[in-house]
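Undergrad: Order-wise, the sequence lines are chains A and B. Heads up: the first sequence is residues 51 to 510, going by our numbering. Heads up: the second sequence is residues 51 to 510, going by our numbering.
Derived from the structure by calculation, the hints contain no laboratory data.
Since copy identity is lost for identical chains, a pair holds within one copy or between any two.
For lysine to aspartate or glutamate, the following DMTMM-like pairs were computed, each having C-alpha atoms within a straight-line distance of at most 20 Å:
#1 K428 <-> D55
#2 K427 <-> D55
#3 K262 <-> D65
#4 K215 <-> D83
#5 K443 <-> E478
#6 K215 <-> E244
Protein chains: 2
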Amino acid sequence: MPDLDVVRLLTAKRDGARLDPDAIAALVRAYTDGDVPDYQMAAFLMAAFIRGMDETESAAYTRAMLYSGEVLDLSDVEGTKVDKHSTGGVGDKVSLLLAPLVAACGVPVPMISGRGLGHTGGTLDKLEAIPGFRTDLGVEAYRQQLADIGVVMIGQTAEIAPADKKLYALRDVTGTVESIPLIAASIMSKKLAEGIDALVLDVKAGRGAFMKSTTEARRLAEALVGIGQEFGKPTVALLTRMDAPLGRAVGNGPETAEAIRALHSVDPLGGEIDDLMEVTLALAGEMVHLGGGATSVQHGRQLAEAAVRDGFAWGVMREMVEAQGGDVSVMDDPDALHGAPVATVEAPDAASAGFVTEIDAFEVGLAAVALGAGRAKKEDDVDPKAGYVLLKKPGEAVAPGEPLAHVYASHADQANPERLAAAFSFGESAPAASGMVLDRLDAAGWRSRSASGAGEPAAA
Amino acid sequence: MPDLDVVRLLTAKRDGARLDPDAIAALVRAYTDGDVPDYQMAAFLMAAFIRGMDETESAAYTRAMLYSGEVLDLSDVEGTKVDKHSTGGVGDKVSLLLAPLVAACGVPVPMISGRGLGHTGGTLDKLEAIPGFRTDLGVEAYRQQLADIGVVMIGQTAEIAPADKKLYALRDVTGTVESIPLIAASIMSKKLAEGIDALVLDVKAGRGAFMKSTTEARRLAEALVGIGQEFGKPTVALLTRMDAPLGRAVGNGPETAEAIRALHSVDPLGGEIDDLMEVTLALAGEMVHLGGGATSVQHGRQLAEAAVRDGFAWGVMREMVEAQGGDVSVMDDPDALHGAPVATVEAPDAASAGFVTEIDAFEVGLAAVALGAGRAKKEDDVDPKAGYVLLKKPGEAVAPGEPLAHVYASHADQANPERLAAAFSFGESAPAASGMVLDRLDAAGWRSRSASGAGEPAAA
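Bound-form chain A, shown alone:
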């Protein structure tokens, strides 16, 4: 590294200076190649965490991670490829129904997802709850399936953004995870490597989200959309609520079953999972619009609603499960993914107040990890059957002794229904109903702050 004075970079960032983009790129490259040791990179990450990085620095850092590995080129697949990324929440199975739904509207969706860690689940674990489902396709199979059926969902390969993998592991042990520029760069470097043309982000805010406050979630959305712009990829972020679990199912098998049912029931749009469909359709409207399949976001949403209602989205999901080696019988019998409940959580005396007012998504997420549905450490195995189905959601009436939730698990002795019950709060009146989509950000700014009137109407 004759041209890279690492200590000079460290002292500059330490003292709050803006670093030259080329210097950041050289540092990330040298670290990935093993020429800069962990201890220097750890000092850099801590300085960058505390001092922050501006948009130019973040873009340089993202670009260096992006080009540390393979950047897929899907230009030979017809259409505008659009993906979605969620910052993660409890019960967030949106990707499972959204990807086939958008593909059903004619917009190709190449999706590379991660595994769950901590209180939030991961899309890969949910897909793998389907017996036989393979998420480790090679690049050629990935490209071919996208061309054939318009949707493919796989896990991150070793070739994609190896710098991000190495840096994430270092951040994890150096107290530098929760940095908005570092998180944004990590997300975007992986997504941009997929070969997409546009991206929709579901940035969650609330108790069950990574970002507990709306202010923090807004800052993350701005960082993500800013990087998308720097790379010339149209990017839209929806800010959505994550206080209670999304939908009724939590855990891999239960969530995958719920995703299938959401596309399969007689009247999926008028069912008991309003919040899940509200978020899914809002994201679908954006994706179909960005992908050129609709003249407006509202039009995109209408097309998506139709694709759910006529079962076309369900059909695409079935094709995807089949193409990726999954047992297609689950498409008609989703309950097989979790089996019979091993316990039922009953409403305590406090429920005499009459209504469920809150369900703490963070507590539910932690309870699900303890049940075997998630990972406390990266090396942990997950129990695909483990999880909950909430029979009562905030705003619903309840009486003491009434069932609040079913518990599913491969080992009944881990059920611990008391732990889930503790996540419920009760009150004398139902909380005021509120929309799931809090705000929308694109290159023109936030919808709620936009004075131009040019923004799309609220999807919620």
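Go by the hints and put chain B onto chain A.
TA: Chain B alone, transformed into the frame defined by chain A:
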């Protein structure tokens, strides 16, 4: 480390929290033992650098480094043991004359010193310019010599503050050197391990010092005196000027020769090295007073002046050189330490203005390193003969072509007199004379800010 959650400590310090002293102690201990890896400690150092550490945290950090190794017990040596530490400057040979001088006043001085790095020199290198002088005495010889002749000057042993050694090496490569709490803890952990009862600090401010600004130097002095107080050791700091080199000699042999001459000349106190004697006597007054050899700092200074004038200090220095295996002939022939000049620096045309106004100590220090007198890297060897003797100092009249300095070196081809000449500035009038001691800090506060009148009068 079952009880030490390093990531929790890192995130707390990162977010500006004050850490529990026990947690800091456990972290430093675990790092020294190899149970916490470099990358986690690097992240801690960067967070501590940017967020700072308060007095309690600094004391805990210092204590952990202090007790990472051997803490000498000199209680069987009679008297109140007092040492002095300088934050380092160019031409700073004060320790060489001060230690024997204070011992000559009856106060024992056990001194453990370091080597030079960068533009400032180190006391060990200066002592080793004396042929045969050993600085690697064992603990028993150290104790015995202190008891016998009242002064001993050695290098840091591997047993003293090993945590500091390991942490300093890590700070050096992670851009976390220039932190006041970290510097203060590093200095104090080593000094407190020597077995001293009290300490005087020479905190230098100016171009040739580590702290360029008086404000920074004051903060460092406050941190050092604060730690001294936490450990119950009376500590006094003098803030002294370091804009031009101290005295006239720069480089190991030349400086040691100047130190001997300062104690040996017919009228050492009325000579040509006013600034050096002013700083030395101010520090000596404090040390003799702290050591119980005088009723006031002023009285201590008077005793020190007498010990110089009557040659008693020179005699003690001679005893020390002999006891530590050095060639005592240099005490009568100090010029042998550098030999004849290999070049003379002449005043340029700019000197027609009439006066030397400034000599940039930092530039002189760097020029001396290039000449072989110092180290750019830790592994470098030094040339004991290499250095300068300044024939003109700021405020002195000069004409073009007049000699400004002599250059000494083992290899004449490295002389490069132009480089030293560039450190001189000239002007039409002499700069206003100003005292070397800018301020004084003890447990009662700064002299210049003290309204109580209880402080000692200015030594300068």
